[in-house]
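Participant: So the chains spell out like this:
Protein chains: 2
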Amino acid sequence: MRAMLFSQLFSKTTKAFPKDEEAVNAKYLLRGGFIRKMSAGVFTFLPLGFRVLQKVVNIVREEMNAIGAEELLMNALVAKEYWEKSKRWDVDVIYKLKTQAGEEFGLGWTHEEVITAIAQHFIQSYKDLPKAVYQIQTKFRSEPRAKNGLLRGREFMMKDLYSFHADKAGLDAYYATVIKAYEKIMKRIGLQYVIAEAAGGAFTNEYTHEFQVLASSGEDTVYYCEKCHYAQNKEIANPAMVAPDGKCPKCSGKIMSGNAIEVANVFRLGTRYADAFGVKFLDKDGASKPVIMGSYGIGPSRIVATVVEVSHDDRGIIWPKSIAPFDVHLVLLGDGAKERAAAKKLYADLMKRGVEVLFDDRAVSAGEKFADADLIGAPLRVLVSAKTVAAKKVEVKERASGKVKLISATKLLVMFK
Amino acid sequence: MRAMLFSQLFSKTTKAFPKDEEAVNAKYLLRGGFIRKMSAGVFTFLPLGFRVLQKVVNIVREEMNAIGAEELLMNALVAKEYWEKSKRWDVDVIYKLKTQAGEEFGLGWTHEEVITAIAQHFIQSYKDLPKAVYQIQTKFRSEPRAKNGLLRGREFMMKDLYSFHADKAGLDAYYATVIKAYEKIMKRIGLQYVIAEAAGGAFTNEYTHEFQVLASSGEDTVYYCEKCHYAQNKEIANPAMVAPDGKCPKCSGKIMSGNAIEVANVFRLGTRYADAFGVKFLDKDGASKPVIMGSYGIGPSRIVATVVEVSHDDRGIIWPKSIAPFDVHLVLLGDGAKERAAAKKLYADLMKRGVEVLFDDRAVSAGEKFADADLIGAPLRVLVSAKTVAAKKVEVKERASGKVKLISATKLLVMFK
Numbered sequence: 000m001r002a003m004l005f006s007q008l009f010s011k012t013t014k015a016f017p018k019d020e021e022a023v024n025a026k027y028l029l030r031g032g033f034i035r036k037m038s039a040g041v042f043t044f045l046p047l048g049f050r051v052l053q054k055v056v057n058i059v060r061e062e063m064n065a066i067g068a069e070e071l072l073m074n075a076l077v078a079k080e081y082w083e084k085s086k087r088w089d090v091d092v093i094y095k096l097k098t099q100a101g102e103e104f105g106l107g108w109t110h111e112e113v114i115t116a117i118a119q120h121f122i123q124s125y126k127d128l129p130k131a132v133y134q135i136q137t138k139f140r141s142e143p144r145a146k147n148g149l150l151r152g153r154e155f156m157m158k159d160l161y162s163f164h165a166d167k168a169g170l171d172a173y174y175a176t177v178i179k180a181y182e183k184i185m186k187r188i189g190l191q192y193v194i195a196e197a198a199g200g201a202f203t204n205e206y207t208h209e210f211q212v213l214a215s216s217g218e219d220t221v222y223y224c225e226k227c228h229y230a231q232n233k234e235i236a237n238p239a240m241v242a243p244d245g246k247c248p249k250c251s252g253k254i255m256s257g258n259a260i261e262v263a264n265v266f267r268l269g270t271r272y273a274d275a276f277g278v279k280f281l282d283k284d285g286a287s288k289p290v291i292m293g294s295y296g297i298g299p300s301r302i303v304a305t306v307v308e309v310s311h312d313d314r315g316i317i318w319p320k321s322i323a324p325f326d327v328h329l330v331l332l333g334d335g336a337k338e339r340a341a342a343k344k345l346y347a348d349l350m351k352r353g354v355e356v357l358f359d360d361r362a363v364s365a366g367e368k369f370a371d372a373d374l375i376g377a378p379l380r381v382l383v384s385a386k387t388v389a390a391k392k393v394e395v396k397e398r399a400s401g402k403v404k405l406i407s408a409t410k411l412l413v414m415f416k
Numbered sequence: 000m001r002a003m004l005f006s007q008l009f010s011k012t013t014k015a016f017p018k019d020e021e022a023v024n025a026k027y028l029l030r031g032g033f034i035r036k037m038s039a040g041v042f043t044f045l046p047l048g049f050r051v052l053q054k055v056v057n058i059v060r061e062e063m064n065a066i067g068a069e070e071l072l073m074n075a076l077v078a079k080e081y082w083e084k085s086k087r088w089d090v091d092v093i094y095k096l097k098t099q100a101g102e103e104f105g106l107g108w109t110h111e112e113v114i115t116a117i118a119q120h121f122i123q124s125y126k127d128l129p130k131a132v133y134q135i136q137t138k139f140r141s142e143p144r145a146k147n148g149l150l151r152g153r154e155f156m157m158k159d160l161y162s163f164h165a166d167k168a169g170l171d172a173y174y175a176t177v178i179k180a181y182e183k184i185m186k187r188i189g190l191q192y193v194i195a196e197a198a199g200g201a202f203t204n205e206y207t208h209e210f211q212v213l214a215s216s217g218e219d220t221v222y223y224c225e226k227c228h229y230a231q232n233k234e235i236a237n238p239a240m241v242a243p244d245g246k247c248p249k250c251s252g253k254i255m256s257g258n259a260i261e262v263a264n265v266f267r268l269g270t271r272y273a274d275a276f277g278v279k280f281l282d283k284d285g286a287s288k289p290v291i292m293g294s295y296g297i298g299p300s301r302i303v304a305t306v307v308e309v310s311h312d313d314r315g316i317i318w319p320k321s322i323a324p325f326d327v328h329l330v331l332l333g334d335g336a337k338e339r340a341a342a343k344k345l346y347a348d349l350m351k352r353g354v355e356v357l358f359d360d361r362a363v364s365a366g367e368k369f370a371d372a373d374l375i376g377a378p379l380r381v382l383v384s385a386k387t388v389a390a391k392k393v394e395v396k397e398r399a400s401g402k403v404k405l406i407s408a409t410k411l412l413v414m415f416k
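In order, the protein sequence lines correspond to chains A and X. Per numbering that gives the first Met the number 0: the first sequence = residues 0 to 416. Per numbering that gives the first Met the number 0: the second sequence = residues 0 to 416.
Please keep in mind that the hints were generated in silico from the structure rather than gathered at the bench. Worth double-checking, as some hints may not be accurate.
In this list, chains with the same sequence are indistinguishable; a pair is considered to hold if it fits within one copy or across any two.
Unchecked claim - List of simulated lysine to aspartate or glutamate pairs, DMTMM-like, C-alpha gap at most 20 Å:
| hint | residue 1 | residue 2 |
| --- | --- | --- |
| 1 | K36 | E103 |
| 2 | K95 | E142 |
| 3 | K279 | D166 |
| 4 | K246 | E111 |
| 5 | K86 | D166 |
| 6 | K146 | E103 |
| 7 | K11 | D282 |
| 8 | K146 | E21 |
| 9 | K416 | D348 |
| 10 | K410 | E83 |
| 11 | K186 | D313 |
| 12 | K246 | E218 |
| 13 | K126 | D334 |
| 14 | K226 | E397 |
| 15 | K11 | D127 |
| 16 | K410 | D274 |
Next up, chain A with everything else stripped away, as it sits in the complex:
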């Protein structure tokens, strides 16, 4: 549904901030009726929030398809035997359950095990390589202290991409391709980020890379060069960068630091999982070799939260156009027949153009309507009142800049050509 009447929305806004949530993203998303908290770290995406989430998902999907990755959907119930092969059955974050017959499963919090077991079935020869597959799926993570709203939930949406290569050069090339795709995603969503080097875990000597969005609420700390944007996660940062007057080891530029939210990462797995699951291929030279893998994550629900963290004011959320729940928040003031007719006509005309409109048709005060428009945060608020009708105009207010102008309805429509 591209357009909605405010009076028919399933959710309602709330004036007061929730008492049991400190995170900015949770406060505004809850107040605006984007999400509903069902347990600590467990949220429902209400229709408004689902619209935003789907827009993020669609952007991610388009960019994954553009780099030749095929979409699939893996199982969430992952049997114990898979985790045992990779020695990850005993990690803290896995939720475990038993069937009536006593079989044990762990809920998928990541899917290296599953995809590697599948790949074993389909990859035998160098001719079967390279391959890349991804999924967009709800993942589960037993967080001891679920907090920070959607930033650290017990269930959350993830896009995870896995690639399979015959050699290191192939992996490195695709790794660079994925970084470019992630940069496109960030740009489309309007997030400012740094790409920080981070520890590679037990399985690689090379750095991994994290897409970090600077935000005071971030759980990570990054050091980054003001000039060339070279960045490192605090955990591995070069002593020269961490020093009080840190210098960039690449360009000697000034080093800045700050809290940041990790919204995506890219990871060279090497042969860690191929070894565990015995995924080998016959190379051109007739030799049997383990497949080399990469894994690449990006969190759509975390991105929704991150955007709120970095793009709000004290009145509410300021959505970038690409993921806003609606393009236009249309406000009708007054109960005169003329302004009502004008607002309805504008609503119909906007819909005809494919513009996504939320039409506040309620019989509430102007103050309440304006407060809700600011809280919900569509890029444009369009006001129709007796005054604007008399002037043969509509009042258009940009949520981000606060700029107001009176223009004709025709001129407004042309903006959405």
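With the hints as your guide, set chain X onto chain A.
Facilitator: Just chain X now, kept in the frame of chain A:
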């Protein structure tokens, strides 16, 4: 990705039927590389299967939006307290898990509890009614004997819709609206069905209705009138219908019976959940009344399986056009430059038209290519060979009818206007 090269597909087909799966849907979907079995009753949708699943999902979504339902996404981790309120914590089919701190959750196998708890927050007045919301989500069910492929899995995709009404008349009207929407979905997917009356469960004296697709593998038995299509599930069937020469109680038509697969159901919940969660509204007359609810399910992954059960031959699946993984299975035979160029041009031209094509560019035998085309089951197989190029034609074969014709590439393209 609308088009794909066969040589680049992540999955491969298998010649032999799987030994551990008896269900027709599992056999063909596994052989064709649509799904992969990861545990009993637990499957991954491989890219081919995901394409089909997404097409079903999109049809369902369009028809839900068309009846004014808003999409949301509820949590899968549902805390014990929700199930206790409705007295469903102790059902067999619920998978239970504990957090590190000992909190107990059940995995959502249905979401009446969650949506009712949410509705309580947003519905206070008759002005807030009616409302309808739906989600498309992976659900979990502890099946003691997971079998029948995708027909009875431990995790599966469900669309569940919930409606909220001020009175019984409102519920009845929406109930009829949903039935019409489900009929549209069945028609778009090309499934023959009967709408069978079934038991209403403990909470209603009225019948519920099931969309049943006649199939020898179905776990249900339905009796239905050949003439007026009135139908009842065996469990509640009128003795007059069940009799050896059963007569329709509505029109005296001849009664038939058969196994059937339930692909959808509609259910009047009445005030069962509103009572459990205390969801009341103030009516026009100032009285506080419980909200009346309906719930309506349709299973996209089960629909995929059902289509395979009723639409296959001994060579493979016969997909209806609306949910086929590809519109065209393009087969190139021979390694001459001319036929290769002709096939490549046709592939490009079809893509330009937005046609979804799987282009079998592999260097394998004609027999293997034809067998895979039949197995994967796209509606049209288009063959380009030295012979067709010499005749300035392409060979088009309909998967369903087996009809073959030689037509010009131009004529083929026009078919996808």
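Participant: For K186 vs D313, is the C-alpha pair at or below 20 Å within one copy, between two copies, both, or neither?
Facilitator: This pair counts as neither: shortest intra-copy Cα distance 25 Å, inter-copy 50 Å.
Participant: For the identical chains here, do K146 and E21 meet the 20 Å Cα criterion within one copy, between copies, both, or neither?
Facilitator: This pair counts as within: shortest intra-copy Cα distance 8 Å, inter-copy 46 Å.
Participant: Quick one: K246 to E111, C-alpha cut-off 20 Å, is that within a copy, between copies, both, or neither?
Facilitator: So K246 and E111 fail the 20 Å test inside a copy (38 Å) and across (58 Å) alike.
Participant: Treating 20 Å as the Cα threshold, decide for K246 and E218: within, between, both or neither.
Facilitator: neither (24 Å within a copy, 71 Å between copies)
Participant: Give the relationship of K146 and E103 under a CA distance limit of 20 Å: within one copy only, between copies only, both, or neither.
Facilitator: between (28 Å within a copy, 18 Å between copies)
Participant: Could you figure out if K416 and D348 sit no more than 20 Å apart (CA to CA) within one copy, between two copies, both or neither?
Facilitator: Answer is within; shortest intra-copy Cα gap is 12 Å, inter-copy 29 Å.
Participant: My question is about K279 and D166: at a cut-off of 20 Å on alpha-carbon distance, are they close within one copy, between copies, both, or neither?
Facilitator: within (12 Å within a copy, 64 Å between copies)
Participant: Since the copies are identical, ignore which copy is meant and state whether K95 and E142 lie within 20 Å (CA to CA) inside a copy, between copies, both or neither.
Facilitator: both (13 Å within a copy, 17 Å between copies)
Participant: At most 20 Å between alpha carbons: which applies to K11 and D127, within, between, both or neither?
Facilitator: between (52 Å within a copy, 10 Å between copies)
Participant: At most 20 Å between alpha carbons: which applies to K36 and E103, within, between, both or neither?
Facilitator: between (29 Å within a copy, 16 Å between copies)
Participant: Please work out whether the CA atoms of K226 and E397 approach to 20 Å or closer within one copy, between two copies, in both situations, or in neither?
Facilitator: neither (32 Å within a copy, 62 Å between copies)
Participant: Can you tell me if K86 and D166 fall within 20 Å by alpha carbon in one copy, between copies, both or neither?
Facilitator: neither (25 Å within a copy, 56 Å between copies)
Checked against the numbered hints given earlier, this structure breaks hints 4, 5, 10, 11, 12, 14, 16; the rest are met.
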